Amino acid sequence: MKNENEYKSPRRKLVTFFEKSRDQWKEKTSEAKAKVKQLKNRVRFLEKSKEQLKNEVTSLKIELIKAKSMKKKEEIEIDEQKKSP
Numbered sequence: 335m336k337n338e339n340e341y342k343s344p345r346r347k348l349v350t351f352f353e354k355s356r357d358q359w360k361e362k363t364s365e366a367k368a369k370v371k372q373l374k375n376r377v378r379f380l381e382k383s384k385e386q387l388k389n390e391v392t393s394l395k396i397e398l399i400k401a402k403s404m405k406k407k408e409e410i411e412i413d414e415q416k417k418s419p
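The working numbering puts the first residue of the sequence shown at 335, with every later residue one more than the last.
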């Protein structure tokens, strides 16, 4: 660390300059941390939403397969009824 004798500016000016610099750094860091937290929360929300949509798609595919098989069954029954009389 430098001695106070190495600075040419008066100590009172240096103190305010360093305080201002520190405060700006703290503000910048806290904003960055807040942004990181916000983005992590967003990622977590999107991953959860993606998983829910994936589950919904899977259940809808199963439902569609069941509906198609029911339709096929009904068509076969109708064809058999047409042939039998």
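FYI, nobody ran anything at the bench for these hints, they're computed from the structure.
Just so you know, these numbers come straight off a predicted model, no measurement behind them.
Treat the hints with care, as some may be off.
[Unchecked claim] Beta-carbon label-pair distances, calculated as ranges:
#: 1; residue 1: MET404; residue 2: LYS382; range: 31 to 39 angstroms
#: 2; residue 1: PHE351; residue 2: ASN389; range: 51 to 59 angstroms
#: 3; residue 1: VAL391; residue 2: LYS369; range: 44 to 52 angstroms
#: 4; residue 1: SER383; residue 2: ASP413; range: 26 to 34 angstroms
#: 5; residue 1: PHE352; residue 2: GLU381; range: 48 to 56 angstroms
#: 6; residue 1: THR350; residue 2: LYS382; range: 44 to 52 angstroms
#: 7; residue 1: SER355; residue 2: ARG376; range: 27 to 35 angstroms
#: 8; residue 1: LYS384; residue 2: LYS407; range: 50 to 58 angstroms
[Said to hold, decoys possible] Dumping the calculated DSSO-like pairs for lysine-lysine here, alpha-carbon to alpha-carbon at most 30 angstroms:
#: 9; residue 1: LYS354; residue 2: LYS371
#: 10; residue 1: LYS384; residue 2: LYS395
#: 11; residue 1: LYS360; residue 2: LYS374
Note that CB positions come from ideal geometry on N, CA and C, so glycine has one too.
Results for each hint:
Between MET404 and LYS382 the beta carbon distance is about 33 angstroms. The supplied range of 31 to 39 angstroms therefore holds. Between PHE351 and ASN389 the beta carbons are some 58 angstroms apart, a value that agrees with the proposed interval 51 to 59 angstroms. A C-beta distance of roughly 32 angstroms is found between VAL391 and LYS369, which places it outside the suggested range of 44 to 52 angstroms. At roughly 45 angstroms, the beta-carbon separation of SER383 and ASP413 lies outside the given 26 to 34 angstroms, and the hint is violated.
A C-beta distance of roughly 43 angstroms is found between PHE352 and GLU381, which places it outside the suggested range of 48 to 56 angstroms. Here the CB-CB span from THR350 to LYS382 is close to 48 angstroms, well matched to the stated 44 to 52 angstroms. One distance hint, 27 to 35 angstroms for the beta-carbon pair SER355 and ARG376, holds here, with the actual separation near 32 angstroms. In this structure, LYS384 and LYS407 break the distance hint of 50 to 58 angstroms, their C-beta atoms being roughly 35 angstroms apart.
Between the alpha carbons of LYS354 and LYS371 the distance comes to roughly 26 angstroms, so the proposed pair stays at or under 30 angstroms and holds. For the hint linking LYS384 to LYS395, the alpha-carbon distance of about 16 angstroms falls within 30 angstroms, and the restraint holds. For the hint pairing LYS360 with LYS374, the CA-to-CA distance comes to about 21 angstroms; that is within 30 angstroms, so the pair holds.
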